[in-house]
Every structure is written in C-alpha cells, then in structure tokens.
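I would like the entire structure built from these sequences, with the hints used as guidance.
Numbering of the sequence shown is given in the UniProt record's numbering, commencing with residue 1 and proceeding in unit increments.
Treat the hints as calculated values from the structure; they're not laboratory data. Any given hint might turn out to be false.
[What the hints assert, rightly or not] Derived PhoX-like pairs: lysine-lysine, alpha-carbon spacing no greater than 25 angstroms straight-line: (1) Lys82 - Lys94; (2) Lys3 - Lys82; (3) Lys82 - Lys25; (4) Lys25 - Lys3; (5) Lys31 - Lys82; (6) Lys41 - Lys23; (7) Lys25 - Lys69; (8) Lys31 - Lys4; (9) Lys3 - Lys23; (10) Lys82 - Lys69.
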Amino acid sequence: MAKKRVIVICGTGVATSTLVVHKVKEFLREKGIDANVQQGKVSDILTRSGEFDLIISTTAVPPSVDREKVVNAVPILTGAGKERVFEEIEAKLKNGGE
Numbered sequence: 001m002a003k004k005r006v007i008v009i010c011g012t013g014v015a016t017s018t019l020v021v022h023k024v025k026e027f028l029r030e031k032g033i034d035a036n037v038q039q040g041k042v043s044d045i046l047t048r049s050g051e052f053d054l055i056i057s058t059t060a061v062p063p064s065v066d067r068e069k070v071v072n073a074v075p076i077l078t079g080a081g082k083e084r085v086f087e088e089i090e091a092k093l094k095n096g097g098e
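Written as structure tokens, this is what we have:
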C-alpha cells in the first residue's frame with residue numbers, strides 16, 4: 001500500500017488540529033498504516049483537497065470538498081464515539097472506505 005496523504009484541519013490550524021494530529025499519528029502507527037499526516041486550517045483545503053487521500057476535520061468543511069474524503073474528528077476531542085471515528089479513518093485509508 002502506497003503512503004497515504006492525510007491532513008488534519010481545524011478553524012485556524014493551531015490548537016485542536018495539533019491534538020488530533022498527535023492522536024491520529026499514534027493510531028496509524030499502531031495499525032501499521034504508512035501515512036504522511038499534516039496539520040492545517042480549513043482554508044488550506046479549498047485549493048489543495050485533491051492533494052490528500054483523507055481530510056480529518058474538527059470544523060465544518062466547505063461543500064466544494066469531496067465528502068467521501070472527509071472524516072469528522074470532533075469525537076476524537078470529546079472522547080464520545082472516538083472508536084467509530086478511528087475505524088472510519090482506518091477503513092478509508094486501507095480500502096477507500098468500502
């Protein structure tokens with residue numbers, strides 16, 4: 001499997017995305033998934049969404065972005081439902097979410 005490209009975004013690309021990046025990297029390492037995980041803000045994906053295999057977001061994503069590539073990361077922050085989110089991340093990276 002080729003190295004996947006992932007971006008974790010929040011409103012400003014600072015606080016919440018930092019926390020989620022750490023947790024996502026740890027999860028991917030445990031699952032043996034080779035991915036380049038970047039941090040950014042929501043405006044970064046307006047012109048660059050095609051560069052990424054997966055967009056993990058803690059904020060609203062513009063409707064112009066392919067919804068199949070987006071995972072809502074709020075449960076990673078709250079803890080409620082985070083296992084389901086990590087399962088979704090794994091599925092999308094391993095087999096395109098099928």
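Here's how the hints hold up against the structure:
{"no.": "1", "hint": "Lys82 - Lys94", "verdict": "holds (18 angstroms)"}
{"no.": "2", "hint": "Lys3 - Lys82", "verdict": "holds (24 angstroms)"}
{"no.": "3", "hint": "Lys82 - Lys25", "verdict": "holds (14 angstroms)"}
{"no.": "4", "hint": "Lys25 - Lys3", "verdict": "holds (13 angstroms)"}
{"no.": "5", "hint": "Lys31 - Lys82", "verdict": "holds (15 angstroms)"}
{"no.": "6", "hint": "Lys41 - Lys23", "verdict": "holds (17 angstroms)"}
{"no.": "7", "hint": "Lys25 - Lys69", "verdict": "holds (18 angstroms)"}
{"no.": "8", "hint": "Lys31 - Lys4", "verdict": "holds (13 angstroms)"}
{"no.": "9", "hint": "Lys3 - Lys23", "verdict": "holds (18 angstroms)"}
{"no.": "10", "hint": "Lys82 - Lys69", "verdict": "holds (18 angstroms)"}
Of the numbered hints given earlier, the model fails none.
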